[in-house]
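Colleague: So the sequence lines, in the order shown, correspond to chains A and B. The first sequence runs 1 to 242 under this note's numbering. The second sequence runs 1 to 485 under this note's numbering.
Note that these hints are calculated values from the structure, not bench results. Idealized CB from N, CA, C, for every residue including glycine. Mixed in with the good hints there might be a few duds.
One-sided and incomplete, this derived list gives chain B residues near chain A with beta-carbon spacing under 10 Å [to be verified]: (1) L21; (2) T23; (3) H37; (4) A38; (5) S60; (6) K62; (7) A344.
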Amino acid sequence: MAPYKHAIVIGASSGIGAEITRQLASSGCRVAAVARRIDRLEQLAEEHKGNVLPVEHDVRNYYAVPELFQQITQRLNGLDLVVYAAGVMPEVGLHEYCFEKDRAMVEVNFLAAIAWMNEAASRFENTKHGTIVAIGSVAGDRGRAGQPVYNATKAGLTTYMEALRNRLGSYGVRVVTVKPGPTQTEMTEKLHLKGAMAPSTAASLILAKSQSSGEHYLKPTHAVAFAIIRAIPSWLFQKLKI
Amino acid sequence: MAIPKAQDLAAWAATRTRKHLETDRIGRLSGFGFTKHADGYVYRPSTLEEAREVFEIARSLKRQVVLRGAGRSYGDANIGSECIVLDNARMNQILDWNPVTGVIEAECGVTIEDLWRHVLEDGWWPPVVSGTMYPTLGGVLAMNIHGKNNYCSGTFGEHVLELEALTPSGQILILTAKDEAFWAVISSAGLLAMITRVKIQMKKVHSGDLRVLPLAPANWDEQFAIFEQFEGIADYMVSWIDCFGSEKGAGRGAFHAAWYLDEPSEHPRTLEQSHQDLPDTIMGFWPKSMVWRLLKKFNNRLGMEFINWSKYASGRILGNGKPHPQSLVGFSFLLDYVPNWRNAYLPYGFIQYQSFVPKEHAKRVFAQQIKMQQAAGLESYLAVLKRHRPDKFLFSHAVDGYSLALDFKITKNNWPKLQQLCHQMNDLVLQAGGRFYFAKDSTLRPADVRAYLGEEALATFSRFKAQFDPDNLLTSELARRVKLV
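Same shape as in the complex, but just chain A (with noise of 0.2 Å):
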């Protein structure tokens, strides 16, 4: 794994988020670990003493970032690496239009990852260095009729840190984003999705990914199954029902 010395993780309190959390202290990296749910934090910062920094905060507060940010860089000593792990995706009934399930999933999947993204990516472009990770999904690869709005948040996010990538790739900054398939989080239990991947699995593959700028599966497998899924036409997508 790279020697990340200084990060910070949102939505760190569980799923993959709280892995990476795990392993990137445990590689002796300092990270503040961002999420509402403190008791979880504290549980984390106990696991590993000293180089995880509890930081309880709602990502829909977007107006105290731009302070939370710095002071979390100051107790921090520095910063190399922002990961947003932070995400929802509430049940949505194939027939249910629910603007409060849906407010939530853009509020919380992508207008908190551009409040804290923009954030990393000032500071990253001023100091020349840094990575910034985001957790996009597979299922930003198509609009599907089961989540409209989740899919249309991680579509989001993916374009927002395309278009990161190509400002900042000229500062030595890498931007990457991953997507990761079904894995075991506690947003997905009730999906029981089969052959899902363990978080720390994918906690160790998003760290290595986050080698090099771009977009990234998480398996070959699934580079392939999407680059032909995302080749579908519109019209073919519909009927099929994946």
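Following the hints, complete the assembly by docking chain B onto the known chain A.
Modeller: For chain B alone, kept in the frame of chain A given last:
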């Protein structure tokens, strides 16, 4: 959560600037050797009042401050992670110059280059200069630099008539040699106060040239014998050492002594800037701005062994013992001959290791240091020997003896081994009663610093720190590393 309206956003923006620093100010800074980096928020005040405001911002946001001049300290004395970096570059006015008395008054951001360009045509020269003309007066005095005439002219601080310093608590100090704080603020590596203005006595010269005598000592015995021979005679002395020389050739190198000259003319042309300016090309055609790229090709163990040997061998044959005139700038600022020469050490950079050893032990210690390098396969590619005299500044680096400055290239994998070598060399220096120099340091440990500075000096430092900087605002990566703050 309520979404702010447009007018609220403007208010929020104003609040934002008060609650944290402007992100646009952050930058990644390094010491001159490129080996240590830190991200800091850079402020470049142009007046004393603005500098005072920067300290206020730091205090209100609970940020520490690192003082930075031209960034010529090799290691980590001019950087501070997550600190406010108070850069003196825009406080660069020459405030007064008296060509009759040779007293100049200047702000802290004035460089040595600014100084000599201002005074030379009136027949004056900075009394002490470093090997490069780019350091600012603030940096020069924070580190209390020395030159090739340290043994007879002392450090730069010894030529200061008066200085003004701004403490982090906002107090303005006017200090002369009669004040105890004068001897502490100068040399304290920017950890007590920001030197903002300084009055200096320049050195009278009657020519823009020096008479330079090159000699090619074949070993350590000859090196030290030559230094002793010219000690009471020459105005400047310096010697380059080939660190690849061993056995009978250990300590071989190229020695230069230099003397000020008198010229019959009242306004000799050698005092003009056009006579002093370093040429843009080498051998009349090779642009000097490109030379570092060529140097980079040779900047490896084999290449540098060849270059060091060639330099020694050519020195034995060409001009050995034959004095020649050389401009003050040409002789003094050897490091400025090749612009951006440090780029030849990229991507990992280099450190300079300089230790100061009493004259009774210098030959033994330096010979041993080079043997240790050779045993480790980590020979310095450039080594410079100088003669020194002690001074009474608080963090003095000088001794009645000699210093050896060693440039070491950093590679992808050699840092742990190099650090270990430096620590072993530190032990050797300390056992001999030697000292070190913060402007050059990258490897000292807290115990090393305690050992060479001594408890009394550290207690004095703590007393002044509590008086001038009670909130402990001033720091640096070096100060944190060696636990000075």
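Colleague: Output the numbers, in ascending order, of every earlier hint that fails for this structure.
Modeller: 5, 7
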